[in-house]
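Fit chain B to the known structure of chain A by using the hints.
Just so you know, the sequences run in chain order A and B. Counting from 1, position 53 in the first sequence corresponds to residue 53 in our numbering; the numbering is continuous, with no gaps. Counting from 1, position 42 in the second sequence corresponds to residue 191 in our numbering; the numbering is continuous, with no gaps.
It should be emphasised that the hints constitute simulated quantities derived from the structure, not laboratory data. Be aware that a few hints might be false.
Unchecked claim - Straight-line Cα separation of at most 25 Å, PhoX-like style, residue types lysine-lysine; simulated pairs:
| no. | chain 1 | residue 1 | chain 2 | residue 2 |
| --- | --- | --- | --- | --- |
| 1 | B | Lys293 | A | Lys61 |
| 2 | A | Lys61 | A | Lys98 |
| 3 | B | Lys289 | A | Lys61 |
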Amino acid sequence: MARPEKTEPLLVCVDADVLIAGLLSRTGASHAILVLGELGLLRLVLPEVAVAEVRRNLAAKLSEAAPLFEEFLRAVPVQIHRPTPHDRERARELADAKDVPILAAAIGAGARILVTHNIRHFRSGEGVRVVRPRTLIEEARAWMGSFGT
Amino acid sequence: MAADAERQEPKQVEQESDHRAEIVAGSEPTDQPLNRRARFWRRTGSNAHSSAVGRAAVFPAIVQNTRNPDILNFSMTTMTIQVRGRGTLTLPASLREKYRLGEGDPLTVVDLDGAVLLSPRVLVVPRLAAEMERLRRARKLSLKDLGGPARED
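Pulled out of the complex, with its shape left as it was, chain B reads as follows:
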């Protein structure tokens, strides 16, 4: 049935889920700002780069989207960290403590093609979508066949 097919009224109203997710909202400033680790920056970066990274360090702020005031609704902390050998990242201790992360704990990486998010949660949506997409392709159904768009954005 197409998406623009006549919509029908269901009989039941479902309740809001109890599950709530938060990420990097209202976080405290880290207790280990990267600009205190002078030896690390001297050892691993160029002068210009390490200086810039050191200055950036950690700056809690209420971030506003100047392009679109609809999207401004988070307070958050941003941090600058550096990729090391073989792609290793070190999360500041304050974040490890806040999210109770230990060695071996999984993180989810979300690539928005220009912004990369790290989540301490293992997400359900990618797993479900992978399985549903596999089932759809096995049946040789398009998104449009199922009421979706003719062409995905």
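So here's chain A without its partners, still in its complex pose:
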């Protein structure tokens, strides 16, 4: 029997609020997304500004957790992406001004999904669909649930 063709996992860009929720709570969809990333079922793209925001917030309010975030970045397969000026230009009309670097990173990295709790700050476009964590997990669950049926 022919070996199935192997393809790449889905590239998902993760906003800072999802990183925070997924790492500081184990009960929500954000945590499930990070677990699926570690499993290799999703390939996680982290905007450089999102990583900086998490570092800044932890340093300011929960500094003892900062080394654990660094361990996450070392141990889990993530791609930290800095968008180019061209990526920013493509994202400019699709995101609130302060969130342009997030969407620009998703566009520049080739992510097909941006997962965020602040969906009102973004509009889907340029090949990137903006969804809440719960939406992505519900879709993944439906996909996995279809196996063997």
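Same frame as chain A, but now just chain B:
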């Protein structure tokens, strides 16, 4: 600082990690399909159930998500196995060999509330999150206090 606070540019760009994970992607069909174990199915299942399980056996396929074409990107093998006494599962030999699993080796169970995944890896994220959550609760901080959502999904 809230998540929608002004984002700042960091000075350093980090490189993509070398760590790469794979699970059940491009796997070969098992060399011990369950439908060959006729005695096992006769002994443990109802007629209807064992027949169905036997037919399902192992079927490698490129699985596509018909609801969302964004999520289609794995080739994989699905298998049907059966829970036995005291919750025991037997992994097919092909999987044990592929992932070099022996008696006593740990597996991680991921419950997605409707789909259950088994991973041959011991995951880092749940351990880190447990510790970070403990630290957050000790400080009586909410997710929102740390730039997360007001309410988790």
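### Those earlier numbered hints the structure runs against, lowest number first
When the structure is compared with the hints, none of them turns out to be violated.
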